[in-house]
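From first to last, the protein sequence lines are chains G and R. The opening position of the first sequence corresponds to residue 1 in full-length UniProt numbering, with each subsequent residue numbered one higher. The opening position of the second sequence corresponds to residue 1 in full-length UniProt numbering, with each subsequent residue numbered one higher.
These are calculated hints, taken from the structure and not from any lab test. No residue lacks a Cβ here, since even glycine has one placed at the ideal position from N, Cα and C. Just to be clear, a hint being listed does not mean it is correct.
Here are the computed lysine-lysine pairs in the DSSO-like style, where the Cα-Cα straight-line distance is at most 27 Å [unchecked claim]:
#1 G:Lys-85 to R:Lys-239
#2 R:Lys-239 to R:Lys-205
#3 G:Lys-120 to R:Lys-252
#4 G:Lys-108 to R:Lys-274
Pulled from the structure, derived: some chain R residues nowhere near chain G, Cβ distances all over 10 Å [to be verified]:
#5 Ala-3
#6 Thr-32
#7 Gly-94
#8 Asn-213
#9 Pro-248
#10 Arg-323
#11 Ala-331
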Amino acid sequence: MRVAIIGAGVIGLSTALCIHEQYHGLVPSLEMEVYADRQTPHTTSDGAAGLWQPYLSDHGNLQETIWHKETFDHLLGHLGSPAAKEMGLFLISGYNLFTQPVPDPSWKNIVLGFRNLTPKELELFPGYSYGWFNTALMLECRSYLPWLTERLTQRGVKFFHKKVESFQEVSGDVFARGVDVVINCTGVRAGELQPDPELQPGRGQVIKVLAPWVKHFIITHDIEAGIYKSPYVIPGSEFTVLGGIYQHGNWNEENNAQDHKTIWESCCRLLPALQKAKIVEEWSGLRPARPSVRLERETVRHGRFQAQVIHNYGHGGFGITIHWGCAMAAARLFGSILQEKQLASLTQPRL
Amino acid sequence: MVAPKVAVVGAGVIGLSTALCIAETCPSCSVTVLSDQFSPNTTSDVAAGMLIPHTYPDTPIHMQKQWFKETFTYLFAISNSAEASEAGIHLVSGWQVFKNTPKEELPFWSNIVLGFRPMSEEELRKFPQHRFGQAFTTLKCDCPPYLLWLEKRLEATGVQMRTRKVADLWELHSEYDVVVNCAGIGAHQLVGDMELFPIRGQVLKVHAPWVKNFIRDGDGLTYIYPGVHSVTLGGTREKDSWNLSPDPGTTKDIFERCCSLEPSLRGAQDIKVKVGLRPSRQSVRLQREVLSQGGVKLPVVHNYGQGAGGFSVHMGTAKEAARLVGECIAALQGSSSRAKL
């Protein structure tokens with residue numbers, strides 16, 4: 001059985017690992033390949049700060065909340081293991097700030113120690129009158145993606161640094177050897193493989209600074225403006241990420257001077273000590289935004305041949321937050337494909 | 001007295017903050033800090049500088065609470081300003097965990113730190129050997145940055161700093177009008193205070209920048225305090241030990257204890273070992289005294305013995321010491337004007 005994963009961001013690599021871990025024992029002939037034109041540290045995932053935090057509301061999409069929780073619990077379980085440092089995984093506490101009271105988020109019982117901010121804490125953040133404190137996780141993809149790549153390589157998964165132009169190409173190229181399943185983890189560019197008007201880039205820009213005295217994440221919210229359009233400060237293991245840009249429909253991956261100004265001024269207003277921080281890097285990326293994650297099977301046909309495609313893309317600004325839950329759901333879909341193939345092989349007349 | 005001359009003996013956190021308070025409350029005073037050691041060689045430089053108070057058995061609780069509150073308020077304002085990074089002051093959140101539920105579940109300082117509350121079941125799961133815990137956010141003063149920042153502010157106010165080993169406070173009587181004794185553990189020899197004793201603390205300072213939360217065992221022996229550039233791992237509390245040399249067996253023991261609280265510390269790099277002698281006392285000695293020899297008097301203000309809680313109360317005791325210095329000066333001025341009659 002030949003499986004091709006397209007995309008080597010956090011979604012592609014974790015889905016590959018999840019499927020290989022679960023099914024390699026059951027399918028000894030399992031051969032897995034990862035195709036990607038961008039690999040770490042040049043993927044969208046690499047640019048993200050890596051904070052585990054879903055959007056404020058799941059808009060009734062309980063499935064996504066379950067996947068967020070599965071991811072959090074999975075990562076929490078790895079915290080005490082020796083691999084945590086190599087994975088770029090660690091606990092972090094911090095603040096979510098609002099200018100008015102808001103309902104508690106869908107994830108309040110997933111994170112640790114969720115509570116409202118006290119008046120004294122709010123004194124730290126003039127202009128904000130309400131907020132939350134909780135302990136969550138950081139998963140830095142600059143470490144996590146190499147770690148996943150290492151695990152996959154150890155398992156014999158092959159990597160191909162190439163751009164896949166179509167599903168046919170992947171399954172057609174190697175049809176003689178039979179690519180049976182394609183896992184589509186192409187993120188923001190999934191539309192190039194199959195048009196999807198619901199998928200749009202949610203452009204973000206971040207400034208990475210040296211500010212090792214910052215020990216908390218601080219996410220401000222402007223409810224009217226929308227998610228990620230208000231300053232945020234997220235301390236990593238090496239750098240602190242400053243952000244607060246979300247531009248729907250903007251495909252430009254170049255850093256923008258006005259956005260830089262917006263981020264810098266608003267973050268320094270939020271945390272005056274940042275004025276003294278040294279800027280190390282600036283980066284822009286495209287969040288693969290979609291009204292909901294596309295996680296489903298599809299049979300893609302061309303000529304006599306067909307391949308099973310599992311789509312797993314459209315994770316917006318919460319890819320890291322939801323990745324493992326989605327990987328497991330994709331693995332379940334893979335399992336159902338296996339079952340059908342087994343059934344098919346049982347009912348096929350023997351030639 | 002035109003410009004009262006005040007000497008502050010000691011350049012740790014107590015000496016420097018006291019000198020600063022005196023300079024601010026008595027602008028006409030000429031203040032000089034005298035010490036045989038300055039940062040990075042003071043006891044304060046070894047300390048993590050966490051604002052978690054130590055309880056002094058013989059100092060009234062309301063006073064300890066006030067000192068802590070004044071210190072917290074003062075540092076809170078700096079942490080929120082553009083100077084925070086230079087001063088090495090930052091907020092840090094974390095957990096104090098107990099193997100056995102403490103008698104006092106609400107310490108006297110619980111409403112001064114931020115967001116104090118008992119830990120949830122989920123949070124405690126991270127510490128399987130511990131049954132009870134408290135979560136809160138407090139401040140940390142990293143040294144040397146904090147001491148260097150105090151020195152810079154002192155210079156800006158015109159306070160002089162001199163390296164000098166003072167063997168006896170009386171030796172200063174001809175040069176200074178008031179002497180402030182902030183000699184810390186040095187007071188044992190300097191003024192012969194037998195009630196002052198060292199509690200030896202060994203710590204490791206390691207590079208582990210992914211550790212963003214503090215963890216402290218309620219027994220006070222094991223703690224993990226993330227600072228700006230390093231994480232302080234501790235520690236020991238060895239009463240009456242004057243040994244300033246790091247002990248390798250102790251280093252191993254501290255490291256193991258901290259790793260059992262935070263396994264990721266196994267990946268820590270660049271481990272440095274330090275030793276400090278906490279200047280411990282049943283109560284902080286914060287009082288006036290008048291030394292006299294042959295009719296000559298020398299007013300002294302003592303401000304030492306903060307032990308494990310120096311950073312936690314330093315501004316509060318500094319303000320009180322400055323107030324006492326003010327009283328000394330007023331008394332001197334009163335007596336000198338009486339002498340003129």
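Straight-line alpha-carbon gap Lys-120 (chain G) to Lys-252 (chain R), limit 27 Å: violated, 40 Å
Is the Cβ of Arg-323 (chain R) farther than 10 Å from every Cβ of chain G? holds, 26 Å
Taken at face value, is the distance from the CA of Lys-205 (chain R) to the CA of Lys-239 (chain R) at most 27 Å? Since the Cα atoms of Lys-239 (chain R) and Lys-205 (chain R) sit roughly 22 Å apart, the hinted pair holds (cutoff 27 Å).
Interface-negative label, Asn-213 (chain R) against chain G, beta-carbon threshold 10 Å: With a cut-off of 10 Å, Asn-213 (chain R) comes too close to chain G, as the shortest Cβ separation is near 6 Å.
May I ask you to check that Thr-32 (chain R) keeps its beta-carbon over 10 Å from the closest beta-carbon of chain G? holds, 31 Å
Evaluate the condition: distance from the CB of Gly-94 (chain R) to the nearest CB of chain G exceeds 10 Å. Given that some Cβ of chain G is not farther than 10 Å from that of Gly-94 (chain R), nearest at about 8 Å, it is violated.
Below or equal to 27 Å on CA atoms is what counts here, so check Lys-85 (chain G) against Lys-239 (chain R). violated, 36 Å
Quickly compare the C-alpha distance for Lys-108 (chain G) and Lys-274 (chain R) to 27 Å and report which way the hint goes. Not OK: Lys-108 (chain G) and Lys-274 (chain R) at ~41 Å, beyond 27 Å, violated.
Evaluate the condition: distance from the CB of Pro-248 (chain R) to the nearest CB of chain G exceeds 10 Å. Non-interface label on Pro-248 (chain R) holds, nearest chain G Cβ at 24 Å vs cutoff 10 Å.
Find the nearest Cβ of chain G to the Cβ of Ala-3 (chain R) and say whether that gap is larger than 10 Å. The assertion about Ala-3 (chain R) holds, with a minimum of 36 Å to chain G.
Is the Cβ of Ala-331 (chain R) farther than 10 Å from every Cβ of chain G? Per Cβ check, Ala-331 (chain R) is outside 10 Å of chain G; nearest 39 Å; holds.
Violation of the numbered hints given earlier is confined to hints 1, 3, 4, 7, 8; the remaining hints are satisfied by the structure.
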